[in-house]
Each structure stands twice: as structure tokens, then as C-alpha cells.
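**Student:** So the protein sequences, as listed, match chains Y, E and V. Going by the working numbering, the first residue of the first sequence is number 1, and it counts up by one from there. Going by the working numbering, the first residue of the second sequence is number 1, and it counts up by one from there. Going by the working numbering, the first residue of the third sequence is number 1, and it counts up by one from there.
One or more of the hints may lead you astray.
Taking lysine-lysine pairs in the DSS-like style, the calculated list, with each CA pair at most 30 Å apart, reads [claimed, not checked]:
{"hint": "1", "chain 1": "V", "residue 1": "LYS613", "chain 2": "V", "residue 2": "LYS165"}
{"hint": "2", "chain 1": "V", "residue 1": "LYS303", "chain 2": "Y", "residue 2": "LYS97"}
{"hint": "3", "chain 1": "V", "residue 1": "LYS165", "chain 2": "V", "residue 2": "LYS303"}
{"hint": "4", "chain 1": "Y", "residue 1": "LYS97", "chain 2": "E", "residue 2": "LYS104"}
{"hint": "5", "chain 1": "Y", "residue 1": "LYS102", "chain 2": "E", "residue 2": "LYS37"}
No lab work stands behind these hints: they were computed from the structure.
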Amino acid sequence: MIIPLNHILVLAALLFCIGLYGALTRRNAVGILMSIELMLTAANINLVAFSRFVTPNTGAGQVFAIFVMTLAAAAVAVGLAIVICIYRNHRTISADKIHLMKW
Amino acid sequence: MMEQFNNIAPWEWVQLISFYAIAAMMVLGALFVVTMKNIFHAALSLAVVAMGAAVVYLMLDAEFLGFVQIMVYVGAVITLIAFVVMLTQRANQSGDNKATNHQKFISFVSVGTVLALLLWKIPNASWLTTVTNAELANAHTIGNALLTDYLLPFEAVSVLLLAVLIGAIVLSRREKPAKDDGGAE
Amino acid sequence: MTGLTQYFYLIPLIPLLAFWVLIFWGSRMKEKSAYISIAAAISSFLLSVPCILATMKGQTLSLEWTWLYFGTQPVKVGIMVDSLSAMMLFVVTFIGSLIQIYSVGYMHGAPRFSRFFAYLSLFFFSMLTIVLADNLMLIFVGWELVGLCSYLLISFEYERIAAAKAGMKAFVVNRIGDVGFLLGILSLFWLFGTFQYKPLTEQIMSWKGASLAIPAMLLFCGAMGKSAQFPLHVWLPDAMEGPTPVSALIHAATMVAAGVYMVARMFFLFQSSVEAMQLVSYIGCFTAFMAATIALTQNDIKKVLAYSTLSQLGYMVMAVGVGGYAAGPFHLMTHAFFKALLFLGAGSVIHGTGTQDLRQMGGLLKKMPFTAWTFIMAFVAIAGVPPFAGFWSKDEILLSTFNSAVPGHTLMFWVGLFTEALTAFYMSRLLFMTFFGEQRDTSIHPHESPKVMTVPLMILAFFSLTAGLPGTPMAHHWLQGWLHQSFHYLPVHEIHLNYAIMSGSIILAFSGIGLAYLMYYKKSISAARVAAYMGPLYTLSLNKWYWDEIFELCIIKPFLWSTTILYAFDVWVVDGLVNACGYMVRGLSFLNYVFDKYVVDGLVELNGWIVEKSSRIARLVQTGLIQNYILLLVAGFALILWYTVLQNIGSSPFGQ
Chain Y
1 MIIPLNHILV
11 LAALLFCIGL
21 YGALTRRNAV
31 GILMSIELML
41 TAANINLVAF
51 SRFVTPNTGA
61 GQVFAIFVMT
71 LAAAAVAVGL
81 AIVICIYRNH
91 RTISADKIHL
101 MKW
Chain E
1 MMEQFNNIAP
11 WEWVQLISFY
21 AIAAMMVLGA
31 LFVVTMKNIF
41 HAALSLAVVA
51 MGAAVVYLML
61 DAEFLGFVQI
71 MVYVGAVITL
81 IAFVVMLTQR
91 ANQSGDNKAT
101 NHQKFISFVS
111 VGTVLALLLW
121 KIPNASWLTT
131 VTNAELANAH
141 TIGNALLTDY
151 LLPFEAVSVL
161 LLAVLIGAIV
171 LSRREKPAKD
181 DGGAE
Chain V
1 MTGLTQYFYL
11 IPLIPLLAFW
21 VLIFWGSRMK
31 EKSAYISIAA
41 AISSFLLSVP
51 CILATMKGQT
61 LSLEWTWLYF
71 GTQPVKVGIM
81 VDSLSAMMLF
91 VVTFIGSLIQ
101 IYSVGYMHGA
111 PRFSRFFAYL
121 SLFFFSMLTI
131 VLADNLMLIF
141 VGWELVGLCS
151 YLLISFEYER
161 IAAAKAGMKA
171 FVVNRIGDVG
181 FLLGILSLFW
191 LFGTFQYKPL
201 TEQIMSWKGA
211 SLAIPAMLLF
221 CGAMGKSAQF
231 PLHVWLPDAM
241 EGPTPVSALI
251 HAATMVAAGV
261 YMVARMFFLF
271 QSSVEAMQLV
281 SYIGCFTAFM
291 AATIALTQND
301 IKKVLAYSTL
311 SQLGYMVMAV
321 GVGGYAAGPF
331 HLMTHAFFKA
341 LLFLGAGSVI
351 HGTGTQDLRQ
361 MGGLLKKMPF
371 TAWTFIMAFV
381 AIAGVPPFAG
391 FWSKDEILLS
401 TFNSAVPGHT
411 LMFWVGLFTE
421 ALTAFYMSRL
431 LFMTFFGEQR
441 DTSIHPHESP
451 KVMTVPLMIL
461 AFFSLTAGLP
471 GTPMAHHWLQ
481 GWLHQSFHYL
491 PVHEIHLNYA
501 IMSGSIILAF
511 SGIGLAYLMY
521 YKKSISAARV
531 AAYMGPLYTL
541 SLNKWYWDEI
551 FELCIIKPFL
561 WSTTILYAFD
571 VWVVDGLVNA
581 CGYMVRGLSF
591 LNYVFDKYVV
601 DGLVELNGWI
611 VEKSSRIARL
621 VQTGLIQNYI
631 LLLVAGFALI
641 LWYTVLQNIG
651 SSPFGQ
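Go ahead and model the full structure; you've got the sequences and the hints to work with.
**Tutor:** Below you can see the structure in the form of C-alpha cells.
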């Protein structure tokens with residue numbers, strides 16, 4: 001494997017932080033969900049990279065990554081269902097307009 | 001870091017170059033995801049990032065995972081996101097539609113801090129890598145592992161998916177007397 | 001102690017039992033209650049007889065127990081019978097019983113009849129306690145109790161205010177004397193560590209230390225109060241407000257003699273100090289003289305007898321004061337008989353005529369023969385006509401005074417001799433005015449008293465005439481010898497008869513009688529002219545030397561002023577201080593309130609205010625925007641991450 005591990009990890013780190021930034025700043029609720037997907041993807045890349053370099057035989061990281069993928073999909077599904085609910089009730093999906101839990 | 005680039009064969013150069021290209025594409029795509037005002041463009045950028053991730057998996061000898069990534073992520077998740085974007089586009093048309101909210105700066109600082117730390121530490125870390133000549137993990141291995149070592153999580157996840165299924169349906173059901181004009185059908 | 005004598009402790013206890021019974025159930029028994037009291041008295045007398053006989057054989061009966069512990073030292077008290085106590089026992093129980101029998105007739109029909117006899121029984125108990133005590137503490141207990149009985153009995157008819165006041169006066173004056181008495185007792189205890197006579201006798205007879213005059217004089221204060229010596233004599237005349245049997249028993253025969261008895265008991269103390277003897281004899285002499293002069297002019301039959309009692313008590317006290325330790329008690333015994341008889345006779349006269357005023361009486365000899373003849377017998381006894389009782393005992397006293405070693409005894413002798421003449425005179429005057437001549441007030445119809453009253457008179461008459469005989473030279477002064485058993489610590493006193501004194505006293509007695517005969521029987525000398533001739537002396541005598549008025553002015557009035565001043569002090573100063581304290585407390589509590597309201601409550605409210613304001617600020621965190629929360633999370637995460645990394649620089653498991 002000619003690609004150095006560290007470089008892949010750097011890539012994943014970058015993706016993760018960008019996704020984090022997006023989760024914090026996006027106003028659109030769907031945008032936030034997309035940013036979360038970005039973070040999960042970055043985590044997956046990390047897992048597979050380590051699986052290749054540390055346990056290439058068992059593929060434990062890949063199995064983990066499958067589960068993560070599954071859960072990400074599940075999260076998106078439910079999240080979008082909720083977004084639709086909110087859209088129906090409030091006519092808006094802007095995250096900073098929904099503050100029902102404000103004091 | 002540059003020492004390891006001494007004895008590289010030509011095809012390995014291809015691998016390396018393509019990796020850096022893909023990586024750059026992904027990073028750019030990610031940036032578009034978080035900064036695009038138009039949500040649909042952002043969703044498409046996300047698709048680009050997901051494809052790039054699939055390529056990376058393939059480069060990392062995780063073929064099964066790479067294809068699953070394309071099928072599930074790009075094929076299902078992004079599609080779903082696109083659907084919902086379209087369903088809620090009326091909300092996006094109205095008024096001031098800034099992409100980011102008021103806490104831009106502080107989150108930039110916080111996240112920048114985290115990124116700085118990661119970029120400082122990761123390049124110089126030495127991991128417990130192993131080089132092996134035995135067979136690399138493949139779909140066979142993964143399938144075996146799923147049904148033997150990781151059986152419990154496997155079953156748990158299936159229950160979870162059931163719950164998600166039911167939950168999503170329940171949540172997005174149309175209320176009986178409610179009359180929606182345009183949109184959520 | 002054998003036979004009946006070992007029960008001698010019952011002598012006072014039987015009357016006490018009678019008292020208890022009569023107090024609780026007397027009102028139901030009414031007039032029958034007298035029998036219980038009389039039975040108790042007579043049983044005391046019967047129990048005393050063997051004891052008296054025992055002392056005549058030279059025995060002394062005693063019973064002792066430990067009263068309390070003073071630290072580790074036991075303080076013992078007890079009762080005893082020796083010759084002096086035995087003589088007193090005889091006098092008290094015998095005369096007491098006779099008077100109780102007499103009272104049945106005298107008090108017939110009186111309200112609270114049973115209570116009268118209850119009190120009499122209580123008095124018996126108390127007087128017998130005094131007589132039987134072998135220590136100063138027990139005698140003091142009995143002393144106080146007889147004082148109480150005196151008060152109860154004097155003011156028996158308390159509906160009359162004069163009787164009530166007289167009772168109070170008697171008790172208060174007695175108490176004044178008792179203060180000194182108690183101080184004396186305590187000082188002796190402090191010096192010698194014991195209350196009992198025997199140890200005290202031994203210690204004092206061998207005492208070489210400082211003079212014991214002060215304890216002796218303090219003890220004598222008690223005698224002054226009880227035996228009505230000057231200046232505490234004022235209560236005795238007023239005590240005549242009580243019923244006549246009371247006057248006879250308590251204020252003639254027994255209680256007032258307690259003082260003389262006590263001095264005789266403690267003679268070993270008195271004889272150690274010349275100053276004490278002087279005090280005792282001077283006061284006794286003066287009392288005898290003063291009382292005799294007052295008796296000359298009184299018009300109430302009981303008052304004459306009262307002053308006569310005072311005078312005779314003075315004689316007894318003087319006798320002991322000059323050293324006649326046997327003469328005093330001897331006169332005490334004879335006096336008890338004839339004075340009791342005189343009072344009972346007077347009571348009979350009062351009962352029969354309904355008046356006490358001499359000026360309304362006269363010619364009662366024929367109308368009340370028993371009373372009259374017994375009265376005459378008493379009269380010859382007291383006047384000092386030989387060979388009757390009074391002559392012998394008075395002569396003993398004069399003899400002791402003449403031969404005494406106390407300074408001033410010669411003057412006291414002459415005063416005593418003169419007082420004897422006075423005694424004869426006023427007693428004769430009483431006799432003549434009451435029984436002889438014509439009845440002055442014809443509205444009263446005198447009649448003889450019933451037998452229950454006259455029989456005791458006759459018994460007492462017999463003893464008045466004969467009681468002196470045991471002490472006469474013909475009997476070889478048997479009585480004095482018998483009494484010496486109680487004074488064993490002194491050498492035996494040889495009595496030499498002084499015929500000059502004897503004849504002198506006989507002459508004076510008859511001259512007194514004769515003068516009274518002329519003035520009140522024959523009326524050859526006008527009493528009124530003599531009174532006018534005496535002028536101021538007459539007035540002084542008639543008004544009892546103004547002692548009551550002097551005391552009222554000098555003692556009672558200042559005392560009442562001081563109470564007014566103290567009352568004002570109490571109201572203004574003490575109450576003022578208390579009220580001031582109250583105001584101060586109120587003021588302080590007001591400050592407290594202010595403090596509490598503004599400072600304490602303020603602090604509490606401040607707490608609440610702080611919480612409210614800070615929470616108002618704190619809740620701003622809850623914006624409801626989830627991205628804010630996530631931002632906080634991330635920021636904190638970043639901090640922690642950097643902190644951990646910086647901490648672990650140099651110890652990374654992965655190397656740099």
C-alpha cells in the first residue's frame with residue numbers, strides 16, 4: 001500500500017472538521033443532516049484505513065464501517081421524516097427559526 | 001514524510017496521484033456542501049463526496065464496502081435527501097436565505113482549533129501497522145464475521161432498522177383532518 | 001428503770017394523742033370531748049407518780065436518741081426525769097388535771113367547746129416536753145409550742161377583738177424573747193458542740209475560757225419573754241382576755257413558770273458569770289416591785305391577779321438570780337397552787353356574778369361560801385402568813401437574797417421585803433372588796449358555782465396550805481435536798497435560819513393586811529383620799545407605768561414608718577428597676593426586630609435575589625436552538641482536547 005496511512009487520516013480529519021463546521025452553521029435543517037453525513041463518511045474512511053493497515057486479515061474495521069453506514073442511513077431517514085413533520089407544522093425548516101425549547 | 005517516496009514503481013505513482021486528486025475533489029465538495037446557499041447544489045456536492053469516498057475504499061482494498069457505499073449512500077441516502085429538498089423547497093424560496101447562521105465565526109474558531117490539533121498530531125504519529133502476506137479481507141471474510149463474531153450487533157441493527165422504518169412512516173404520515181396545500185404528499 | 005417508770009415517754013404523748021383525737025372528731029363529740037382530755041391529763045399524772053417516786057430514791061430516768069449528724073458528729077437529744085423535772089411534772093399534771101375538770105363547768109355551753117380541750121391537751125403535751133427535755137433543742141420546741149397554745153387559748157373567743165389582739169401581743173412579745181433564746185442555744189452549741197444538759201454541765205463547770213455571760217444573757221431573753229419579766233412583761237396583763245381556766249393554767253401555774261424552770265436548769269451556766277446573775281436578779285427584782293405597785297390600784301379582779309403573778313414571777317427569777325437555785329423552784333411550786341386557786345376562785349366569782357369589776361362586787365362571802373373560803377386559804381398562802389405555803393417559800397427567797405454574793409443584793413433584799421408588804425396589801429384589798437362588806441352593785445345576783453368547779457377549788461386549797469411543808473425547817477428542808485439532785489454540780493448548801501428576816505416579813509405581812517382592813521373593811525381610812533394624796537404616783541400605778549404607751553411610741557410607730565418607707569422603696573425603686581428592665585427589654589427587642597427584618601430577612605432575600613438574577617442570566621443559555629448547544633459541546637471538546645494533549649506532551653504512546 002503505497003498511500004501512506006497518515007495522509008488518509010488527514011483527509012478524513014479534514015472532512016470531519018468541515019462536516020462539523022457545517023453542522024454548526026447551516027441554517028437549513030436538511031443542510032445540517034448533510035453535514036452529519038459528511039462527518040460519518042469521514043469516520044468511515046478512518047475505519048477502513050485502519051482496517052487496511054492494522055488488521056488487514058479480519059476486516060474488523062470494514063464490518064464496523066458497514067454498521068456505521070447502516071446507522072447513518074437510518075439516521076437520515078428518521079431525520080428527514082422529522083424535517084417533513086416540522087415543515088408541515090411550522091412552514092419553515094430553518095434551524096434558527098425553530099426554538100420551541102427556548103426559555 | 002518524504003522519505004517513503006524513494007522507491008516507487010510507476011503504477012504506484014498513478015495510485016498516489018489519483019489519490020491526491022480524489023482527496024482534493026472530496027475536500028472541495030465538502031466545502032461546497034457546507035457553504036452552498038442552494039440546498040440542491042449542496043446535496044449534489046454531497047454525492048460527489050460520497051463517490052470520492054467509494055473510490056477511496058476501493059483503493060484501500062475494501063471492494064465490497066466501496067460498492068455498498070455507492071449503492072446505499074449515493075443511491076439511497078442522497079436520493080432521499082434530494083427528495084426532501086424538493087418537498088421543502090417552498091420554504092427555501094422565501095426571504096433571506098443565508099446559508100449559514102449567526103454563529104459562523106465562533107464555530108469556525110472552535111472547529112479550526114480542533115482541526116489544527118488534528119493536523120498537528122496526526123502526520124507525525126506512528127501507528128501499529130502490520131504488513132501481512134496472507135489474504136486480505138474481502139466480502140467472504142466480512143460476511144463470515146457478520147454472522148459469527150458480530151452476530152449480535154447484526155441482529156440489533158436489524159431491529160433498529162425495523163424501528164426506523166416504522167418511525168419514519170409514522171412520522172411522515174399525513175394527519176387525517178389536516179389539509180396540506182402543496183408540498184408534503 | 002423498771003415497772004411503770006420505763007413508760008415515762010408516754011407522759012407527754014398521751015395528751016398529744018388526745019389533741020389529735022379532739023381536733024378531728026371533737027366537734028362530733030361536743031361536751032363529751034372533755035372526758036378524753038381529762039382522761040389523758042389524769043393518765044399523765046398517774047404515769048408521773050412512779051417517776052417522781054423514783055427520783056426521790058435518787059434515780060434519774062433518761063432516754064436518748066440521735067437526732068441528726070452534724071458532719072460526722074452525731075447530735076443527740078432525749079428526755080429525762082430528775083428531781084427538778086419531777087417536781088415540775090407533779091405541778092403540771094396535777095394542777096392541770098384539776099383545772100381541766102374545773103373547765104368542764106366553766107366552759108359549759110361555750111362555742112367550740114371541744115376545741116378548747118384539744119388546745120388544753122396540746123398545751124399539756126408542749127409543757128411536758130419542756131419539762132422532760134434533756135437538751136436545749138427539745139426545750140425550744142416545747143417553748144414555741146406552749147407559745148402557740150397560749151396564743152390559741154388567749155384568743156379563744158376571737159369574736160372579741162380585744163381577745164384576738166391580746167393573743168397576737170402575747171405571741172409576738174414571746175417571739176422577741178425567743179430570738180435571744182435561740183441565739184443563746186446556738187452559741188452554746190457552737191462553743192460546746194452539744195445541746196444536752198449533762199455534757200454542757202460537765203464542760204461548763206470545768207470551763208476556764210472566756211466569760212459565758214453573753215450566752216447566758218441570751219438564754220435569759222427567752223425567760224424574760226416566757227415568764228413576762230420586764231421589759232417583755234406587757235403581754236401578761238392583756239392575756240387575761242382569755243377564759244379564766246386558761247389564765248389559771250397557763251398564765252399562773254405552768255407556762256410562765258417555764259422561764260424560771262429553764263434558768264434553774266441552766267443554772268450551771270448562769271452561776272459562772274456574775275454579770276449574768278446580776279442581769280437576772282435585777283430584772284427579777286424590778287419586775288416584782290413594779291408589778292406589785294401596779295396591782296395596788298387595779299379594779300379588775302383578773303388584772304390584780306395578773307400583776308400579782310408578774311410580781312411573784314419576779315420573785316422567782318430574782319431568787320434564781322441571786323443563787324437560790326432551790327428557793328426559786330420551791331416558790332414556783334407553792335405559787336402554782338395558790339395562784340391557780342386564786343384564778344379559779346376568781347373565775348368562780350365571775351361565773352357567779354357575771355362581772356369582773358371589783359367596784360361592783362362585795363359581800364360574796366355568804367352567797368358563795370365554797371369559793372370564798374378557798375379563796376381565803378389561797379390568800380393567806382400568798383400573803384405570807386405562816387405556817388402556810390407562801391410564807392416558807394418567800395422566806396427562802398429573802399434568805400437567799402440576803403446571803404447572796406451577787407453585788408447589790410442588799411438593796412434587792414430591802415426591795416423584796418417592801419414588795420412583800422405591798423403583796424399583802426393588794427391581796428387583802430382584793431379579798432375585802434370582793435367578799436366582804438355590802439354588795440355594791442345590787443343588780444347582780446351571785447350564786448355558788450357547781451360542784452365540778454368547787455371540788456377542784458377545795459383540792460387546790462388543801463395543797464396551797466400544805467405544799468410548803470416539805471421545804472420547812474421542821475421537815476429538815478427535805479424539798480431542797482431532793483432538788484439538789486439536779487444541782488449536784490454545786491456543793492450542798494447549808495440553810496441557816498435567820499429569825500430576824502422571818503419576823504420582819506411576818507410583821508410586814510400583817511401590817512399590809514391590817515392597812516387594807518382599815519381601808520376597805522372598816523373604811524376608817526378613805527381609799528380615795530389616799531389616792532389623791534399619792535397623786536402622780538397613783539396615776540402612774542393606775543396606768544401600769546405607761547409601758548404599753550412607751551412601747552407603742554418608741555418601737556411600734558417607728559417600725560410602721562419604716563414599713564411605709566420600705567413600701568415606697570419597693571414600689572418606686574424596686575418596681576421602677578423592674579419596669580425599667582421591662583422597657584429596656586422592649587427596646588432591645590425592637591432593635592432585634594429591626595435587625596431581623598432588615599438584616600436577617602435582607603440576607604435571605606438577597607440570597608433569593610441573587611439566585612433569581614443569576615438564573616435570569618443563566619437561562620439565556622437555553623436558546624432552544626440546537627446548534628448553539630452543539631457549538632458549546634464542540635468548544636468544550638476542543639478545550640479538553642488541547643488541555644489533554646498539552647498535559648501529555650512527551651508521554652504519547654505513539655511517539656511525537
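**Student:** For a C-alpha distance cap of 30 Å, please report whether LYS303/V and LYS97/Y respect it.
**Tutor:** 125 Å, violated
**Student:** If you draw a straight line from the CA of LYS613/V to the CA of LYS165/V, is it 30 Å or shorter?
**Tutor:** Judged against 30 Å, a Cα distance of about 85 Å means the pair is violated.
**Student:** With a cut-off of 30 Å on the C-alpha distance, tell me whether LYS102/Y and LYS37/E pass.
**Tutor:** Holds, at about 27 Å.
**Student:** Starting from LYS165/V, check that the Cα of LYS303/V is at most 30 Å away, please.
**Tutor:** 17 Å, holds
**Student:** Between the alpha carbons of LYS97/Y and LYS104/E, is the straight-line distance 30 Å or under?
**Tutor:** 16 Å, holds
Of the hints listed earlier, those the structure fails to meet are numbers 1, 2, in rising order.
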